[in-house]
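One letter stands for each residue in the lines below.
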Amino acid sequence: MGGSERIYTANIVDTVIFRSLGKSPNQHLQSLKQAVEEAGTELWVSPSIYRELADYGQEPPRNPYLDTGIEEGWIRVATPLSENRETSFDSLCDPVEQAQHLADDYLNQQSKYPETNNWRDASVVALAVRLFEQNTRIRVITHTADEGLARACARIPPEFGYYEIESRYYNPPQTAKQQFPIVESLSWSGQ
Amino acid sequence: MSYDTEHVRNAGNGPTMITGLPTFTELLTNTNLADLYTATRQSSGLTAPELIERVDVSKKTVYEYLHRLERAGLVVETENSGGARVYEAEDFELTLTIRRIEVSITPEIVAVMARADEYPVVNRVCDEHGFVTFALAHDLINAHSEGDVTIRQIAGLADLSDGTAYDLVEALYEIQKLGDTDSGPTTFTPDDVANDDLASDLTDE
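So the protein sequences, as listed, match chains F and P.
Just so you know, we're using this note's numbering here: the first sequence kicks off at 1 and counts up by one.
Just so you know, we're using this note's numbering here: the second sequence kicks off at 1 and counts up by one.
Take these hints with a grain of salt, some might be off.
As the list claims (entries may be wrong) - Straight-line distance between alpha carbons at most 25 Å, and here's what the computed BS3-like set of lysine-lysine pairs gives:
#, chain 1, residue 1, chain 2, residue 2
1, F, LYS177, P, LYS177
2, F, LYS112, P, LYS177
3, F, LYS177, F, LYS23
4, F, LYS33, F, LYS23
5, F, LYS33, F, LYS177
What the hints assert, rightly or not - Which stretches of chain F does chain P cover? Using the computed rule of at least three CB atoms under 8 Å from a CB of chain P, they are:
#, segment
6, 135 to 149
7, 163 to 174
None of these hints come from the bench; they were simulated from the model.
No residue lacks a Cβ here, since even glycine has one placed at the ideal position from N, Cα and C.
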């Protein structure tokens with residue numbers, strides 16, 4: 001690589017992708033672990049997505065989709081993002097919060113059913129902006145099965161000066177079983 | 001002569017005899033009947049022996065069901081060019097309006113019910129949340145395949161748990177062959193979506 005400083009690639013993954021892969025242990029998650037290692041990356045989820053996948057029916061609660069990967073160190077849960085959906089955009093100074101509000105508005109605007117969007121969808125975009133804010137040499141790849149959210153992931157970060165993002169959209173959602181846990185999906189394609 | 005009365009509209013060739021009305025609603029609860037109707041609709045011009053090969057019930061039941069579907073006007077028996085007796089399915093829409101909520105039973109809904117035994121989430125939603133919720137979720141999932149809603153929105157709009165919404169999305173995508181299974185994931189870059197409008201009141205200085 002000519003001694004150039006290595007660029008870190010982070011993969012942000014939405015709930016539907018892990019639901020598609022199924023609970024641990026299984027072959028899909030094993031393939032994912034290998035692909036993550038080969039691609040030299042990590043998978044990131046927001047805390048709200050961790051909670052969506054957690055099983056609160058047992059004590060202590062477990063996350064059958066994520067806990068194994070977290071314990072093995074290839075899945076990372078971000079620190080909490082803003083829950084203040086009602087705060088006006090004008091009063092926000094934090095780019096991460098601004099991005100979440102912008103994504104929320106974008107999703108409502110794109111939707112056939114405006115004003116019904118879920119705040120957790122916007123957390124995927126906010127996490128991308130946070131990783132950009134916290135790392136100078138980073139590329140981000142997002143993975144979701146919602147087209148509007150996939151577009152938001154590529155549309156919002158450039159508003160904050162971050163263009164090194166690729167957003168993968170899996171359609172139908174169940175194709176993520178085969179198409180997500182491979183090195184190509186987790187690696188920067190430079191399209 | 002055509003009609004446009006309070007209960008009969010656009011009859012065209014005059015009132016058609018429709019009997020056996022319970023068959024319409026049975027299509028929602030009898031998987032095998034739904035499967036036979038759907039098989040007839042998806043491959044028109046099949047003979048009874050060909051239909052017997054397509055569905056998972058006895059020969060006797062197939063003939064009984066075909067008779068029932070004929071009485072309801074849902075299939076018609078005709079003769080093909082080779083002189084064989086073949087069956088054609090008729091499209092239909094049964095609309096119910098209760099407490100100002102209008103819900104339609106259509107062949108697309110019946111095609112999903114025909115596969116309910118393979119996808120337990122279908123019956124679970126119908127049993128636990130009712131048919132209106134199921135029909136609503138069905139339409140929202142089709143809207144999802146067009147990019148019009150997110151899965152979390154489907155859960156919120158249909159008042160389903162996130163887990164049930166995800167299961168139903170996967171089931172209906174498979175049953176209805178929604179989406180594009182042949183290609184890999186679509187990758188959006190900033191250049192691809194640069195022309196998507198952002199809320200102007202947030203981004204304008």
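Against the structure, the hints:
1. F:LYS177 <-> P:LYS177: holds (16 Å)
2. F:LYS112 <-> P:LYS177: holds (22 Å)
3. F:LYS177 <-> F:LYS23: holds (12 Å)
4. F:LYS33 <-> F:LYS23: Since the Cα atoms of LYS33 (chain F) and LYS23 (chain F) sit roughly 14 Å apart, the hinted pair holds (cutoff 25 Å).
5. F:LYS33 <-> F:LYS177: Roughly 13 Å separates the two Cα atoms, so the pair holds.
6. 135 to 149: With 6 residues closer than 8 Å to chain P, the segment 135 to 149 of chain F meets the three-residue bar; holds.
7. 163 to 174: As far as the segment 163 to 174 of chain F goes, the hint holds, because 11 residues have Cβ atoms under 8 Å from chain P.
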